[in-house]
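Fit chain B to the supplied structure of chain A, relying on the hints for placement.
Each chain, written out:
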Amino acid sequence: MKSVGRSLLSRVHPLAKIGYSLVVSALIVILNQPVHLLVLVVSTLTVLLFAGVRVHRFRVLFLVILSIVISTMISQAFFYYFEPRTVLITIVPEQFPYIGRITGGVHLYKEGLTYGLVQSLRLISGTLVATAIVASTHPSEILLSLKRIRMPSELGLILLVSLRFMPQLLEEMRRILLGLRLRGIRRRGIINAFKVLRLLLQPLVINSLRQARLLALAAEVRGFSVTRTTSVSRSRSLFQKFTTIDLVVIAFFISLLYLAALPFKMGLSRIPFIHAFFFSVPFTCILFTGIRLIPKSGTASLIIIGNSLLGQMISRGVNPLWWPYAMIESLFLETLFLITRDYVRTPWGASAAGALRGLVVYLYFYLVSAPFIWHKFYAGWFVTIQTSQGVVGSALGGFLGYRIGRAVEKAYSHAFL
Amino acid sequence: MLKIRNLAYSYPGSPEPVLINVDLDVGEGELALIKGESGTGKSTLLFCINGLIPHVIEGTLSGDVEVDGVKPMDVTVGEMSRTVGTVFQNPDNQIFMLRVGEDVAFGCENLGLPPQHVKERVDGALRELDLTELQDRETSRLSGGQKQRLAIAGAYAMRPKVFLFDEPTTDLDGKGRREFYDVLGKLKQEGHTILIADHDGEDLPFSPDKVLLLERHGHQEDQGAEMPEPADWMETTLTRTHPDQGGGILERHNTTRQQVLKLDDVTYEVKDRSFALHDISLTVTRGEMVAVVGDNGSGKTTLFRVILGLVKLQRGSVSLLGHESPYLDSLAGKVGYLFQNPDEQIFADTVEAELLLGRGRRSSNTLIEPLLRYMGLVHHRSVHPHCLSRGERKKVAFLSILRPEAEILLLDEPTTGLDEGNWAKLMDFMEILSKHGTTIIFSSNNMRAVRRYGKRIVTLEKGRIAADEKRG
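Heads up: the protein sequence lines correspond to chains A and B, in order.
Going letter by letter, the first sequence gives residues 1 to 417 in this note's numbering.
Going letter by letter, the second sequence gives residues 1 to 472 in this note's numbering.
Next up, chain B with everything else stripped away, as it sits in the complex:
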């Protein structure tokens, strides 16, 4: 069904090829897993199969690709979509229409099918993907798992023989993943050929028929390998106080069990009930490292908004560092918040300027240098942050919220977009900060990180605290 021979590809302007001599054969009805770290060319390989390379994304391409007898180079991307259906990582970026049924029809209409055929295919796809009841629902009101199913339905309606999935479960919670694997099982049963690009494919419920491991060529992310063990290094470097230069970030806070955050019987709900918290009571003391877990929509991000005093509560009260809400402006610098998407908190033209934004240059240079070194970004200090990889941008955003005066850090999905080595480095740092009195509250779907770093795990279910477990 799929035959790839000697495939090589370089992006325009890039001196190093992303793919070199790739060979792959996948038979009809087989499932192939394409493994590899970020930047190894997994998505690029899929783009070569569906024709986006070279028709939409230019570059230097050589070698042969053939899918069911069709060469992507010889036909348009639209024509290729009749054979190959593609589902990307983030379902939000592939839903176009405002309602479910309309979105499933989008691809069929683009193929120029007569309206009656479009309707038949849409009805069929909705039925197969269990979306018939949601046909008239607004796409913006679907859960993460439902959106992923809709994205698959959109491709399914075009009746391709081959499905390409680009990191399909990265943005999904446990429930969404289960929903996705159910659909995957169904597609496999129907005899579709399936290619999945993933970091490791560990969660995959089926054994793949083929595994292709891609490795990085050329550019290597600066890993900061020359640094000694984080604990020793940070204790000696970051705890040094320089009174005339603002001091280190570990020295400031004592570690007494002082209460820093108290939510008392908090209830918050928006009109359409899309975001809600009910009867939340939670006390967090200085230096605690709290993991907040729960499916998407369970209220994790809403909880952070409540803690920051950004919403008007229906009932209850919040006290943060001794201030009653609203307190945000008076707590600037004392509270750090890492967004899930790092690009929303990158403002400056260089990495260095980004870390200096909002603090004095003189007082912070001594702090910035070791932080950049620890995160492996020291060679990028003069580079525009948006020219870095997503993982590196995440590290920049993380460093930008670290301040000597920060007493509490809120981290929304801090491990997303980072491979294990890098998220462990970030979380190690958090652990040391917490030992020195900074309170850390992080939300995550990454249960490995939660189990390793959460000294207390708060589980949210439908906006309520279902469990609050302190661990040794």
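The following block holds chain A by itself, in its conformation from the complex:
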């Protein structure tokens, strides 16, 4: 197995690196003292030095870390609610009409700044571990290692296809947008942006389905099937209800979700007050289009968990702290669709399921994940704003997913002939 580059860390077995990531993730949750966390940062930074990261990447990393420190310190300085706390600056007084009364006043607390700095150390440790693993391990090595510890080969195929076709999808996405621009259709303005999203996703999904079919046929003639025994794993009953084409289509949706989230990973998510809405629309739209096209119990889980794993393999490093988040979202949607039996078949069903999805994932993030895992706190009014945006964005995304799914089905019903 050939590794990425020739660094010392690249020669370490991928499973050992995944183990290292798990240990650091656990320490991030357990450690509370600033000194201990500082030691953790220094140790992860030391490991990173052996990962063969190039100098210009360190510059980018420095900017990422700086943005983490600043945004965390500011958010925690505003939302700090432990006592005692000392007001440094008042932005909105409590008596200020409406906003002051709703928020109870917006103040910047001295203790919050310190707390934010400590939280930054947690986030920086996570970022450094992720960078070290991503820089020194080819995704292929992680996949092969996961296969050796008996990851189902079906899940392996899904992750492989997602990984392999992501650059192709990105290129296809660029060309479709170029085609729209050349025909004078632009993204400016919110209404136009939604129109472009629909015009972009429809051909992208149809192309993906065509390609998925060819890939699935190619996999079958090379002996892959969801019901056979392989050299490295045995078939799992979990996948019995899916065909090979289903699995490949799911893989394409995982790639699409990853690509849709890219602008947010690259900085948009740090813009307060808007990202929850703008993130929820494309994410829910793509997810729900996939669920409509493969209306089976398990589709939502495979897309959501696959997307989480893919993100970790490519950019975030294997980090179990995010697993509960993906699992809660999957579990909720599976239960919902199992009860309603409406796999994005009606506009109202899709919008309502989208809205509920937004409610659950945002409340889970702000009320459970952030305070108990990341030790980050947010004011009630901020959580309300973000969650509302998540609900509205997800409802709209669900509706768009219904529209696109229906159009794709209509187009594709005869496309095999």
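In case anyone wonders, no lab produced these hints; they're calculated from the structure.
Among the hints, erroneous ones may be present.
To give an idea of the interface, some chain A residues facing chain B are shown, with a C-beta separation under 10 angstroms as derived from the structure [as the list claims (entries may be wrong)]: (1) Ile74; (2) Leu182; (3) Ile185; (4) Ala216; (5) Thr244; (6) Ile245.
Ideal placement from N, C-alpha and C gives every residue a C-beta, glycine not left out.
For chain B alone, coordinates are given in the frame of chain A:
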């Protein structure tokens, strides 16, 4: 080795059978060519041999198929893959793993072979297909020919007796084709039975031992046969100007030798050097019809991206219709770009809506009707474009870029996916547009089309202009 008797097959929901009464006998070590136009059932026949029909693709199947004593209907596709290896048209759609060696192992692992046997077979296949040195290379970084060899190696490692090739050279350039035929010669020498499905098999370097010609049953593509000769018809119909309705598409441009495109000492390179152009200087005047040729990776598509101002140049400048880059949004409508894959520029729910997208309905109806008629699509105007055949989708994409205000058209492999009658029709149209002042730049691996329509041929080699020849 292969025996087919009275084979008939219809796809689910289709009233017409694709295959009727097909009989074929191919002996051990023989090479059989399955010929026929698009839609005549060449791929379908291969699917009946490797078992994809009926195990993965349903439908109505009758008759007998037997390969080396095994009936595909009686065993799974996986079991059949031990006897029959299949290589599809586009190698990209059959490579799964991220590295060459891993991909060759994919099939063997699926067969449940012990790791030591997998390794032996992978090493053997890599050696036979000259891929040993590329074993650790990322599959995404291979050339078209190397990818095709990898796809064959993946099948080869499963040690089948019969190889099926479905239009194996369609997506390959000259170099890729040569590489493929070398491999084919080797397989033939080793005594494998080979079936190749192809439009005509003209390029095949060996005489096939058997030839099976398939003909179309049922659905006929609307050929627009009632139309008169293109030149007369278009001159009278499309040049008519309707001031209140937007006008025809031929009238607008004068044919003076005005410069429309100038690339001045352009150098562009991405970091991994996978796309590069070096020292490109090129001036194109109004109404020229320029063919850009070169092997895959020589920079043809990159040249189009540079012309459109989509990339940041390391050196040099580009001027298009008097605008300096970036100019794309201000030139929307004036520049048309036909992608190699038509599906990337089809957005609407009907053919008509597709042609009206981005232009006013009232101003364009008069233009759309004759265009649909000429391309033989008039009966499909209310049909969803994705329900059409690939060739028909290509025609829709082509029509969608034609606008009265278009002054320059860039066509990336316009003949791919079309049979000769249809690509000639499309290129005839281009020729007339160029005579009326629209500048046409097209890239192609189809040398017949290049020789027939290229009034100027620019040859690219490794990102440089190797030749720039004006023809009478």
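Here is what the structure says about each hint:
1. Ile74: 34 angstroms, violated
2. Leu182: It holds, given that the least Cβ distance between A/Leu182 and chain B is near 6 angstroms, below 10 angstroms.
3. Ile185: 6 angstroms, holds
4. Ala216: 8 angstroms, holds
5. Thr244: It holds, given that the least Cβ distance between A/Thr244 and chain B is near 8 angstroms, below 10 angstroms.
6. Ile245: 8 angstroms, holds
In summary, the one numbered hint that this structure violates is 1.
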